[in-house]
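Trainee: Chain by chain, the residues:
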Amino acid sequence: MKEILRVARFDFLTAGPTMLAAYGLICLMALVIGLFFSPLMYAVMLILAPLFVIPLESFAERSEFRKLYGILPVRRKSITRGRFLFLYLCHFVPEILALLLVRLSVILQLWRFLPAVSSDMKSIIEETFDPKSTQIFTIMIGIFTVICVMFSYMQMMGQIFGLENEMKIIMGTLTVITVVCIAFFTLSEHGIIPQLQVPDSTSLSAAQAIRFGIVCNLGVAALNKIFCEITAAKVAKREL
Amino acid sequence: MENTNILEIQGLCKKYEDFELRDVSFALPKGYIMGFVGQNGSGKTTTIRSILNMARLDSGKISIFGLDSVKDSIVIKERLGVVFDSLYLAEHLSIRQIEQQLKPFYKNWDSKEFARRIEEFDLPDNKRVGDFSKGMKMKLMIAVALSHGAELIILDEPTSGLDPVARDELLDILGEYIEDENRGVLFSTHITADVERIADYVTILHNGKVWYTGTKDDLTENYAVLKGDEKDIPADVMPKLIGFHAYRNGFEALIRSDDLAGLPASLEYEKASIDEILVYIAKEDKHERDSARRKV
Numbered sequence: 001m002k003e004i005l006r007v008a009r010f011d012f013l014t015a016g017p018t019m020l021a022a023y024g025l026i027c028l029m030a031l032v033i034g035l036f037f038s039p040l041m042y043a044v045m046l047i048l049a050p051l052f053v054i055p056l057e058s059f060a061e062r063s064e065f066r067k068l069y070g071i072l073p074v075r076r077k078s079i080t081r082g083r084f085l086f087l088y089l090c091h092f093v094p095e096i097l098a099l100l101l102v103r104l105s106v107i108l109q110l111w112r113f114l115p116a117v118s119s120d121m122k123s124i125i126e127e128t129f130d131p132k133s134t135q136i137f138t139i140m141i142g143i144f145t146v147i148c149v150m151f152s153y154m155q156m157m158g159q160i161f162g163l164e165n166e167m168k169i170i171m172g173t174l175t176v177i178t179v180v181c182i183a184f185f186t187l188s189e190h191g192i193i194p195q196l197q198v199p200d201s202t203s204l205s206a207a208q209a210i211r212f213g214i215v216c217n218l219g220v221a222a223l224n225k226i227f228c229e230i231t232a233a234k235v236a237k238r239e240l
Numbered sequence: 241m242e243n244t245n246i247l248e249i250q251g252l253c254k255k256y257e258d259f260e261l262r263d264v265s266f267a268l269p270k271g272y273i274m275g276f277v278g279q280n281g282s283g284k285t286t287t288i289r290s291i292l293n294m295a296r297l298d299s300g301k302i303s304i305f306g307l308d309s310v311k312d313s314i315v316i317k318e319r320l321g322v323v324f325d326s327l328y329l330a331e332h333l334s335i336r337q338i339e340q341q342l343k344p345f346y347k348n349w350d351s352k353e354f355a356r357r358i359e360e361f362d363l364p365d366n367k368r369v370g371d372f373s374k375g376m377k378m379k380l381m382i383a384v385a386l387s388h389g390a391e392l393i394i395l396d397e398p399t400s401g402l403d404p405v406a407r408d409e410l411l412d413i414l415g416e417y418i419e420d421e422n423r424g425v426l427f428s429t430h431i432t433a434d435v436e437r438i439a440d441y442v443t444i445l446h447n448g449k450v451w452y453t454g455t456k457d458d459l460t461e462n463y464a465v466l467k468g469d470e471k472d473i474p475a476d477v478m479p480k481l482i483g484f485h486a487y488r489n490g491f492e493a494l495i496r497s498d499d500l501a502g503l504p505a506s507l508e509y510e511k512a513s514i515d516e517i518l519v520y521i522a523k524e525d526k527h528e529r530d531s532a533r534r535k536v
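Order-wise, the sequence lines are chains Y and X. Residue 227 in the numbering used here is what sits at position 227 of the first sequence, and the numbering runs on without skipping anything. Residue 338 in the numbering used here is what sits at position 98 of the second sequence, and the numbering runs on without skipping anything.
With the rest of the complex left out, here is chain Y:
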């Protein structure tokens, strides 16, 4: 485990110095807007989390990390596992941070101190700061789930099939998703399969929302682990 953590730290120190300042600035802006106008703004922190993951491959290629991986006293599988752990943490940490900030914003209700806000505007803002609403919480979890799964999947495909095939992977994946969705909706329209009942996120109780959050996080962690092990098994067989 220590080896994996070392690799995750290595990846953070590779991408961190160039991305941390920009990401920090965006978080600060999100914090100001989130505290006074809408906690939904913290979603930016989740949407931009991949900033730490995206440049890793190009840094690795430009700096010939292939050679470094060959001389570091670390197992090949640990390098892949460390990368997936880093990727997961890059999304998980902003998710937790964003959820805490949502809670803080709702508790502080700082929007009340905003000067000269129209009543229409006021009611919209008030709604987003509603302490009983679980909508923003579930939206945050949803964004985390989609983005983290998407980037874990892309990491797996990129490492297995090569970055040069990234565009083909994206197009192929989108085509499969589109075909599956069209097939699913067509079949459910004709009553061949039961229609999917999507729960209304506005009507979820706090307990239901927390359950939803736990299930999503565990699901994402499990998927990340599966993608990671598939990648590690494939990549470890290759020569450096």
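Please note: incorrect hints may appear among the correct ones.
In silico DSSO-like pairs for lysine-lysine, Cα to Cα no more than 30 Å straight-line [claimed, not checked]: (1) Y:Lys237 to X:Lys301; (2) X:Lys255 to Y:Lys237; (3) X:Lys347 to Y:Lys237; (4) X:Lys467 to X:Lys449; (5) X:Lys301 to Y:Lys234; (6) X:Lys311 to Y:Lys2; (7) X:Lys311 to Y:Lys77; (8) Y:Lys237 to X:Lys311; (9) X:Lys347 to Y:Lys77; (10) Y:Lys225 to X:Lys311; (11) X:Lys311 to Y:Lys234; (12) X:Lys449 to Y:Lys237; (13) X:Lys255 to Y:Lys234; (14) Y:Lys77 to X:Lys255; (15) Y:Lys2 to X:Lys347; (16) Y:Lys225 to X:Lys343; (17) X:Lys301 to Y:Lys77; (18) Y:Lys225 to X:Lys347; (19) X:Lys352 to Y:Lys2; (20) X:Lys343 to Y:Lys237; (21) Y:Lys2 to X:Lys343; (22) Y:Lys77 to X:Lys343; (23) X:Lys367 to X:Lys352.
Derived by calculation from the structure, the hints in this document are not laboratory data.
Since the structure of chain Y is already known, use the hints to place chain X on it.
Mentor: Just chain X, lined up with the frame of chain Y:
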């Protein structure tokens, strides 16, 4: 009995589509520098990648510090320093940031030693390492290798593209490093002048096979360049000539010193340099028997 070889390769075979390493065997004793030479594409880098477990062995065995290069790869790499022909560290980071990255991987990492080497090599800490000159990048890789107490340093073409001053500095560093007799250096290059200067042992790789392995002195003493008139070559000596090349005014070829006895006095010979040996091996391979007749 204690194994005195810091690196030992036995019967290494590795096949690629267009290239093959065939039965590569050599050993580097502790306390010595081995020059690993050969033409481009002779298999030097593939051998080094095999030593580092970056390439899988088809057959054969590699022992480093008496340990198996595959099974004990992690333990070995703790004690191994590697310098490649190009930088393998994050080009957008500074020296301090690179140290933060690498330090946790090595149990014996010595930050004071790293700082001392960086100062000694005059490397700036406020610059991205990607902006360093080739010589500075090479020194940085050496500093990394020396800061975790590497007992064996493997260098793959470190002097190619370096100016003479930087090359000289590198050779001095290696000379100083090897003063500790428990260490070793494997130094792959096609600049044979560097090998002539610092190597104690030489391994010549040719077309994926070991052509010579042994001490540098034995190599240069065992081969000579023979010159003269082609007509004076005794018939039984002709097949023993390596890289025979006829010119308008005579011929030149490499010959083993043992075969010099009994040659007519009209044939001249002189000790062969490593460079000359490599050239004649290549000529032998191309069967360049007669350039005078080819050039019309």
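Trainee: Are any of the numbered hints broken by this structure? If so, which, sorted upward?
Mentor: none
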